[in-house]
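Enquirer: Chain by chain, the residues run as shown.
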Amino acid sequence: MKNPDYLSHPFEPTKDELPPELKYHFALDRRKFLKLTGGGLVVAFVVQDMFSFAGETSSTGSSPDPVSGVGAWIRIGEDGKVTVYTGKVEVGQNIRTSLSQIVAEELMVPVSSVTMIMGDTDLVPYDAGTFGSRTTPQMGTQLRKAAATAREALVEMAAKNWNTPATGLKAENGMILNDAANKKIGYGELTKGQQLLMPISDKVRVIAAKDWKVAGKTVPKIDERTFITGKHVYVSDMKLPGMLYGKVLRAPSYGAKLLEADITKASHIPGVIVVKDGDFIGVAAPDIKTAGKALQAIDAKWDESKGQPSRENIFDWFVKNASGAGGGRNPGNTKGDTERGLSEAEFKHSKTYNIHYIAHVPLEPRAAVAEWTDGKLTVWTGTQRPFGVQEELAAVFKLNKEKVRVLMPDTGSGYGGKHSGEAAIEAARLAQEAKKPVKIVWSREEEFTWAYFRPGGVIEVSAGVNKDGAITAWKFINYNSGGAGLDTQYKVSNQQIAHIPSNTPLRQGSYRGLAATANVFARESHMTDLARLIKMDQLAFRLKNLEDDRFIAVLQTAAKAFGWNGSKTPGHGYGIAGGFEKGGYVGCCAEVMINSDKEVKVVRITQAFDCGAIVNPHHLENQAMGSIIQGLGGALFEAVDFANGKILNSGLSAYRVPRFSDIPKIEIVLIDRKDMPSAGAGEACIVGIAPAIRNAIVDATGIPLNNLPMLPNGVLG
Amino acid sequence: MVLLVNGVKHEVTVDPDVELLTVLRDYIGLTGSKYGCGEGACGACTVLINGKPTRSCITPVNSVAGKEVTTIEGLEINGKLHAVQEAFLTTDGFQCSYCASGMILSAVALLKNNPSPSEDAIVKAMDGNICRCGTYPYIVKAIQLASKS
Chain A
848 MKNPDYLSHP FEPTKDELPP ELKYHFALDR RKFLKLTGGG LVVAFVVQDM
898 FSFAGETSST GSSPDPVSGV GAWIRIGEDG KVTVYTGKVE VGQNIRTSLS
948 QIVAEELMVP VSSVTMIMGD TDLVPYDAGT FGSRTTPQMG TQLRKAAATA
998 REALVEMAAK NWNTPATGLK AENGMILNDA ANKKIGYGEL TKGQQLLMPI
1048 SDKVRVIAAK DWKVAGKTVP KIDERTFITG KHVYVSDMKL PGMLYGKVLR
1098 APSYGAKLLE ADITKASHIP GVIVVKDGDF IGVAAPDIKT AGKALQAIDA
1148 KWDESKGQPS RENIFDWFVK NASGAGGGRN PGNTKGDTER GLSEAEFKHS
1198 KTYNIHYIAH VPLEPRAAVA EWTDGKLTVW TGTQRPFGVQ EELAAVFKLN
1248 KEKVRVLMPD TGSGYGGKHS GEAAIEAARL AQEAKKPVKI VWSREEEFTW
1298 AYFRPGGVIE VSAGVNKDGA ITAWKFINYN SGGAGLDTQY KVSNQQIAHI
1348 PSNTPLRQGS YRGLAATANV FARESHMTDL ARLIKMDQLA FRLKNLEDDR
1398 FIAVLQTAAK AFGWNGSKTP GHGYGIAGGF EKGGYVGCCA EVMINSDKEV
1448 KVVRITQAFD CGAIVNPHHL ENQAMGSIIQ GLGGALFEAV DFANGKILNS
1498 GLSAYRVPRF SDIPKIEIVL IDRKDMPSAG AGEACIVGIA PAIRNAIVDA
1548 TGIPLNNLPM LPNGVLG
Chain B
35 MVLLVNGVKH EVTVDPDVEL LTVLRDYIGL TGSKYGCGEG ACGACTVLIN
85 GKPTRSCITP VNSVAGKEVT TIEGLEINGK LHAVQEAFLT TDGFQCSYCA
135 SGMILSAVAL LKNNPSPSED AIVKAMDGNI CRCGTYPYIV KAIQLASKS
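The listed protein sequences correspond, in order, to chains A and B.
Per my numbering, residue 848 is the first one in the first sequence, and the count goes up by one each step.
Per my numbering, residue 35 is the first one in the second sequence, and the count goes up by one each step.
Just chain A, same shape as in the assembly:
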């Protein structure tokens, strides 16, 4: 077996935000679905195509909208309880709650009657994964339609039952009511003894956001009590009968090749199983201490790869190793004549922005429990892509996918960092040999070293501007950090924008907002510098060059709440930045002060956010807050330090993440656009914080900071 450490990441950083290639899983999904249809129930199918092979359709028509490829099932049991089956997973973004609200709204039932079955590959239809802020706009939209389809079907069934026209009937609180005849019937009673399969109709009438009664309101986190009492079982908490604890032998550095290994001593420790399979060496023992001792008893010799770049020279490396123009999701945009626009500008400004690698640091590291039963592999693991991990396992162990079940209990966060299945593969390989269940929980050091990072990069920006605030040229070249958020929302007739992938020495992958954080940082820093060049107010310069009403609105809303035009404290700096990402608009204002020791303190942040119609205001604010605070780390001090293929700060005492004492006063203003579809909200709010702070620092000191993080040592200069 290949050592999972060396398996390439399934996504390169820009592709992972693409809607994935359409994959058909209909036969598999259909078999799963048929297992569900035990008792009486109504099921609303989402994937319309599944019926092409089945005779049981009662199609109400569906559009070829590719979004219809998002699969989910809704079942109404004889007890009237509603169960939703979806491949989306809960990593703390509280979609278990918001999706329940959406279904409850359309089906006219209390949220407490809805149960979400999430991320169990044996029970739910295929889903590419929980990333890219797609749960709310895509799964949410599909579930709304599915639930509305089910509601309409229930009304029809009641109408037939009572031999009355459907028009006089309505759904309310889990029942169909006929007010005129003073009759009512519960959903469970209606569906009893029936099996009704139906595709959703894209034409179905959903409830307008302005009329929402359950969605659009703050509903507390589902199962919250189990979390605050320590009862929720995360994968790392699981214990199966006879389960062993696994550990994997790691290479001393990236690219090191295993020359030889003596496992004799380790194998002789009572109760210990050692697996040496190709590059992979792992142990399993009845307790974790013994597993650790066994690992230490292995004498391995490695050939370490020389000449790898380090943090000191990584930016030169990215540029020198750039691999051709364009690439990824957003290959860029060229229009007009940038060189002429630059030469004709009254003012020109060029800067290079350097972006360091950062780590996700999910507080629960990668974990998996694997068990083989009669040739079938079952793995519980914390992943944002249960079906992706199922595919990885099926490939590694040469199994039919139906022989691999992946379950994803609500997990200790991900932030884009848990797309892959390393721990699952490792636990499965050990369990195969041990013939017992095996659990693997990565150490923090392993998580810091062998997971993947948000890419580092270099962004070169050259722009021209005239004294009246017109931008004459915009040249924006991103090396390696990715294509998300690459395009400018400002009016520029001459522009050349590109993302050029490079050869990354560290394993890199998705992250919250991914490259948008870097691209918005460079763009919005540059915009403030241009405003300063022509002595125009930062906000006024932006407004002059914007056409998108929603972008303008978030900047103005943030500025108003912040008091942008109000009195300013002498010596303090004020900055603004805006961004558009994943369907969400964000405007951010920051105030900083710098003391005599040149320490920078962020005094306050005001952020306005518009992501369409709000599904759960409190949880939305919480997501915005989390993005701002996580963004603060990458803005100010987070950076992965590395040299010679080794990570040098692979612990939480060495890699600094935001703590209570780092948090400024934060004000979040949510703009509820009930006339707009709901966008995902887990990512966009991270993009504005770094440039807003940077622009406040340059406002206070005249010093432009052009690297992320800006203040690795906490002080200027």
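Simulated from the structure, these hints should not be mistaken for lab results.
Just so you know, these numbers come straight off a predicted model, no measurement behind them.
Please note that the accuracy of each hint is not assured.
What the hints assert, rightly or not - In silico SDA-like pairs for lysine to any residue, Cα to Cα no more than 25 Å straight-line: (1) A/Lys1050 - A/Glu1019; (2) A/Lys1123 - A/Glu1107; (3) A/Lys1283 - B/Thr56; (4) B/Lys182 - A/Asn1496; (5) A/Lys1086 - B/Lys182; (6) A/Lys1078 - B/Leu123; (7) B/Lys182 - A/Thr1065.
Said to hold, decoys possible - Here are the in silico distance ranges between beta carbons for each label pair: (8) B/Asp161 - A/Pro1417: 26 to 32 Å; (9) A/Arg878 - B/Asn148: 56 to 62 Å; (10) B/Gly113 - A/Lys1223: 53 to 59 Å; (11) A/Thr1416 - B/Ala117: 35 to 41 Å; (12) A/Leu1495 - B/Ala117: 42 to 48 Å; (13) B/Thr47 - A/Ile964: 36 to 42 Å; (14) B/Ser150 - A/Glu1514: 24 to 30 Å; (15) B/Asn148 - A/His1115: 52 to 58 Å; (16) A/Ser1414 - B/Gly113: 50 to 56 Å; (17) A/Val1166 - B/Val46: 40 to 46 Å; (18) A/Lys1445 - B/Ala117: 40 to 46 Å; (19) A/Val1053 - B/Asn148: 49 to 55 Å; (20) A/Val1562 - B/Ser150: 31 to 37 Å; (21) A/Pro1099 - B/Asn148: 43 to 49 Å.
Idealized CB from N, CA, C, for every residue including glycine.
Guided by the hints, dock chain B onto chain A, whose structure is given.
Expert: Relative to the frame of chain A, chain B by itself:
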């Protein structure tokens, strides 16, 4: 070795230098305390030893023999949540909640010593606990709420 955890005596056979966190989780089955860093830097493993907040991931089990260990599982009594848990439930501030146990136990210890802490005092007392989801302002709010109850 006999351990007194949440008022219950547990006889465990384990090397004396094994971390308390491992013993709680793997031997006694109390998995509410979490592993986050293994070096006492994140607070996810926080338990109370004789009422004092302690990082169980760097505490050898033999050092707590004869002392009272309180974990998250010991706060709820006969189905009634501790006032601090109630405040966190009301505030609904957590996201993934992996840090919750450590946060709540650190808050319990803080409020025992200082029933009405200022915001600065809360930040100082809680600064060793990491919430990577970034829900800190809600945690401060929950502690303030608990201090009023």
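Enquirer: Given the hint that A/Lys1123 pairs with A/Glu1107, test it: the Cα-Cα distance must not exceed 25 Å.
Expert: The given pair, whose Cα atoms are some 11 Å apart, holds under the 25 Å limit.
Enquirer: Take a look at whether the Cβ-Cβ distance between A/Pro1099 and B/Asn148 falls inside 43 to 49 Å.
Expert: Because 47 Å falls inside the window, the suggested range holds.
Enquirer: Would you say the C-beta atoms of A/Lys1445 and B/Ala117 sit inside 40 to 46 Å of each other?
Expert: Cβ of A/Lys1445 to Cβ of B/Ala117: about 44 Å, so the range 40 to 46 Å holds.
Enquirer: Taking the Cβ atom of B/Thr47 and the Cβ atom of A/Ile964, is their distance within the range 36 to 42 Å?
Expert: holds (40 Å)
Enquirer: For the pair supplied as a hint, B/Lys182 and A/Thr1065, confirm whether the alpha-carbon distance does not exceed 25 Å.
Expert: holds (23 Å)
Enquirer: CB of A/Thr1416 to CB of B/Ala117, is that within 35 to 41 Å?
Expert: holds (39 Å)
Enquirer: Is it true that B/Ser150 and A/Glu1514 lie within 24 to 30 Å of each other by Cβ?
Expert: Check passed, 25 Å falls within 24 to 30 Å.
Enquirer: Take the C-beta atom of A/Val1053 and the C-beta atom of B/Asn148, compute their distance, and say whether it sits inside 49 to 55 Å.
Expert: The hint (49 to 55 Å, Cβ to Cβ) holds, given that A/Val1053 and B/Asn148 are roughly 51 Å apart.
Enquirer: Evaluate the given range 42 to 48 Å for the C-beta pair formed by A/Leu1495 and B/Ala117.
Expert: holds (44 Å)
Enquirer: So the hint says 52 to 58 Å: do the beta-carbon atoms of B/Asn148 and A/His1115 match that?
Expert: 55 Å Cβ-Cβ, so the 52 to 58 Å window holds.
Enquirer: Check whether the Cα positions of A/Lys1050 and A/Glu1019 lie no farther apart than 25 Å.
Expert: holds (22 Å)
Enquirer: Indicate whether the distance between the beta carbons of B/Gly113 and A/Lys1223 respects the range 53 to 59 Å.
Expert: violated (39 Å)
Violated hints, in rising order: 4, 5, 10, 17; the structure is consistent with all others.
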